[in-house]
Amino acid sequence: MDRRSFLKISGLIGGTLGAADLLTIGDALANPAADRNASLPVLDRVKAEPGEDVLIRMQRELVRAMNKPLEKRRWGMVIDTRKCVGCHSCNVGCIMENKLPPGVVYRPVIDTEVGSYPNVGRRFLPRPCMQCDNPPCVPVCPVKATWKRLDGVVVIDYNVCIGCRYCITACPYQARTFDFGENWDNNAAHGNDGGLALQTCRKYEQEPSFEYGAIWHRGEGVIPKSPVGNARKCTFCVHRLEHRQLPMCVTTCLGRATLFGDLNDPTTLVSQQTVQNNAVSLKPELGTEPKTRYLL
Amino acid sequence: MAVSSVSSIDIASPANRARLLWALWILAAIIGGLGFIERLFYGEQAADFSSYIPWGLWVAAYIYFSGLSAGAFLIAAAAYVFRIRVLEPIFRPALLLAAVTLLMGLLLIGVDLGHLERAYLVIFRPQFHSMMAWMVWLYTAYLILVVAMLWLSFRSDQPGRESEAVSNDQARLRLLAIIGVPLAIAFAGGVGALFATLAAREFWNSSLFPIFFLVGALTSGTGLVTAVVGWLWPSRDAGWKDLMTLLGRLLLVFIVIDLILEWAEFSTPSWYQIGSFYELTHYVLFGPYWYVFWLVHLLLGVIVPIVLLVKTRNPVVTGVAGALVAITFFAVRLNLVIPGLITPELRGLERAYSDPIGNRLTFAYFPSWFEWQVLLGAIAFGVALWYVAIRLLPQVFPSPARSSEVGQ
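Protein chains in written order, with the numbering used here: chain B, 126 to 421; chain Y, 15 to 422.
Same shape as in the complex, but just chain B (with noise of 0.2 Å):
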């Protein structure tokens, strides 16, 4: 079998499947099955040795709060932002991951210049979302489309989301934005390479976003398809922690600046980070409870 006809064979399954996706969604948000993978044998023969990359160590350690239930989760980012060096490829790995379309981004990197030659600097501080303990966001939505998940992760359900806005206007850190039903293709397709670049927008546009474990296609028209019309927000990848997998921007960070992990397991990176005497919490003023914090 080619690969078209594996497509649009498994294009006629899905659909058929379409309805019954749709009903496991909101499952899949509330309670993600806990022991799906249980027995994945990710890393089985690393064994756990000083000096190891953090990535390794990290990875060891979602495994292990993977096979807790939910509720005893509780995950958590550390940026340091002195090993940041700005290249953008969390933003990049997160974009390709999510198949963001123009106008919504998880992650950010705020890129400052300050000081005036010869004492300049840059600053760079990725911001994805803080997944606030007490996340200003969920309390304003009308149709509790919004909520904190067990796991500390605040989800939207791209299912309920009448596309409001007021989640987006009641973020601090301005970390969610909204899906206009733009394609990369619209204006993409100047110069030379034109063509060539129209393929690929398209192409893109047509690969679906996993988020939450479920297939989206996006869509424009009368009823848009969501994620059209929805706010969305970074997930900490709560679909690839399903399959024991780093949030993609862990995996992608050149300078292994960003950490995550269960912070209610006292021995993990990101637990012993988080009380370091340089770990700050953006706008602590405000009472959010950030479970993103930075090194500085």
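Check before you lean on any hint, since a few could be wrong.
Stated by the list, open to error - Simulated crosslink set (EDC-like; lysine to aspartate or glutamate; CA at most 20 Å straight-line): (1) B/350 - Y/364; (2) B/350 - B/330; (3) B/408 - Y/293; (4) B/408 - Y/52; (5) B/408 - Y/364; (6) B/224 - B/367; (7) Y/325 - Y/216; (8) B/193 - B/177; (9) B/224 - Y/369; (10) B/269 - Y/359; (11) B/408 - Y/216; (12) B/350 - Y/52; (13) B/350 - B/282; (14) B/408 - B/236; (15) B/408 - B/258; (16) B/197 - B/367.
By construction, these hints were calculated from the structure, which means they are not laboratory data.
Assemble the complex: chain B is given as a structure, and chain Y must be docked to it using the hints.
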């Protein structure tokens, strides 16, 4: 048709003027209709609001129209509840204005939603914490109440209806008006609270905001009622003049109270010229859209109407002052919504990542042609609604004989 001989420059005859108004309405309906069609099939892609300035012209227009509605309603209901006889004849036109302007506002907030087809979920999946949900429930209840009051009011006026039934209707109407006053206050204030409760937005997060919204509703609503009574009242007699004088005094009081509240709202947090609120006030007063505050709002919406109302009791001039207040109040609403959103919550976010396709990640906003188009469509819709209503229900305005009894 006495009004035409007073207010028009006598170049156009009434028939010509009617033709001109029709032509303008048809033009607005076509332009607006195209905007609505575009909204239906292509969503909000042609709008200039964005991920960082998620609310724009339509939200400002919604709070503007809902304010007009609550203000007009409160005047009508107050006349009925407190038995202010001079104001009683405006009960029905003001009630009808309240219904029409509310529907205009709801139309605009409806097209502002990303998923209008799911709006019913606000009833079926209620979130009791959300000010947005409260606003929806309040305006739903308020709309039902206004429609019920209109229906009762017209029913009581049917020829051949027994006097006992009429007095029954009027007792019910009174009860509904008594319920309606706190409801309209909660609704008008609640729209302000929707913004004011957001701790993340310093410009909005003020306890004065809901009260400011309420007084704004009273000011703009009184302005609208004054303008409509001045323009469309069937008889130009002593009763009408008394009515206009009273409405003019009322309007003057509301303008002044609103101005005092505005002063408090702007000056208190920015007096020592420090903090982000100061920057936002500075933006409103001296930013790129300074003229919206100084010329449209302060000059045309406050100073000119105050001068007109203080200098003369001429009913037509009073009506013009009312129209100025009602129309320019849109500038106040714009200056409440947009400046709350124009500064990045984190410095440098505006340059962190851009959107070359739709420009959705900037902090610059100016309503696009498409947004104005839809607003124009909503206005054409409201005018049509009003026109059809007064055509179908000629007893909206009291007959000359009845209105002349007023004030005696």
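**Item:** Ascending list of hint numbers which this structure does not respect
**Value:** Numbers 1, 4, 7, 8, 10, in rising order.
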